[in-house]
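Using the sequences and the accompanying hints, generate a full structural model.
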Amino acid sequence: DAKTTQPNSMESNEEEPVHLPCNHSTISGTDYIHWYRQLPSQGPEYVIHGLTSNVNNRMASLAIAEDRKSSTLILHRATLRDAAVYYCILRSSYDKVIFGPGTSLSVIP
Amino acid sequence: GAVVSQHPSWVICKSGTSVKIECRSLDFQATTMFWYRQFPKQSLMLMATSNEGSKATYEQGVEKDKFLINHASLTLSTLTVTSAHPEDSSFYICSPGLAGVKGEQFFGPGTRLTVL
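Keeping their order, the protein sequence lines are chains A and B.
Quick note: the first sequence uses my numbering, first residue 1, plus one each step.
Quick note: the second sequence uses my numbering, first residue 1, plus one each step.
Worth flagging that the hints you see were computed from the coordinates, not collected in a lab.
For glycine and all other residues, C-beta sits at the position ideal for the given N, C-alpha and C.
Warning: the hint list may mix true and false statements.
[Claimed, not checked] Chain B stretches covered by chain A per the calculated footprint, using a threshold of three residues with CB under 8 Å from any CB of chain A:
1. 16-23
2. 44-54
[To be verified] Here are the computed lysine to aspartate or glutamate pairs in the EDC-like style, where the Cα-Cα straight-line distance is at most 16 Å:
3. A:K96 - B:E59
4. B:K66 - B:D88
5. B:K14 - B:E87
6. A:K96 - B:E104
7. B:K20 - B:E104
8. B:K66 - B:E87
The following block contains the structure:
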């Protein structure tokens, strides 16, 4: 799996939007961009994924740069329950999922 | 979505004993299971990939004789930590490999192992 780069930590105020960036300059044409998050003492949870077009679901939005070398996970209104470590992962096959350090998001009441 | 369970959710054992962790896929069949461990304040590290009916594939640096993986059925995979030591204390997480790149990957809730 290709490598991704994320900030170690970010802060957000409650009820404000959060933009979590991810750089993946070595992404290949067949790599899908996946986002997962992990709450304390829990297994990771799927958030969203996409290939080229921006994606929306009930949890978040994924904005993918035109050259696909970066993407941004958008939480439209952060809540205290969104405080977690967010992982940006590239996947190109049915192969294993490799996690990077991720971004630890803190939400301030 | 797919449901993955792990048992036990936490376990405390004495040094030198063996501990078995079960991972069950409750509403689907998983031919492949990924096993991860996570130390405090660190990311998940892939330990091994198990395939139903065949030997597991271990990542570099993971001792296959210490971490025994059995994937005897499509709904159950087990990880046994043999002769556990305090440095094996960690959070162990399983994940069935079924969705591929086009779908979401599901993860178990994790098992917290503490070795005294």
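Hint check:
Look at the region 16-23 of chain B against chain A: 0 of its residues bring a Cβ nearer than 8 Å to a Cβ of that chain, fewer than three, so the hint is violated. Coverage of the region 44-54 of chain B by chain A holds [criterion: at least 3 residues with CB-CB distance below 8 Å; count 4]. At most 16 Å may separate the alpha-carbon atoms for a hinted pair to count; A:K96 and B:E59 meet this at roughly 11 Å. Pair hint B:K66 plus B:D88 holds up; C-alpha atoms about 10 Å apart against a cutoff of 16 Å.
Under the criterion of a C-alpha separation no larger than 16 Å, the hint pairing B:K14 with B:E87 is consistent with the structure, at around 12 Å. Note on A:K96 and B:E104: the hinted pairing holds, with a Cα-Cα distance of about 13 Å set against a maximum of 16 Å. At most 16 Å may separate the alpha-carbon atoms for a hinted pair to count; B:K20 and B:E104 exceed this at roughly 27 Å. At roughly 12 Å between alpha-carbon atoms, B:K66 and B:E87 fall within 16 Å of each other, so this suggested pair holds.
The structure fails hints 1 and 7 (numbered hints given earlier, in ascending order).
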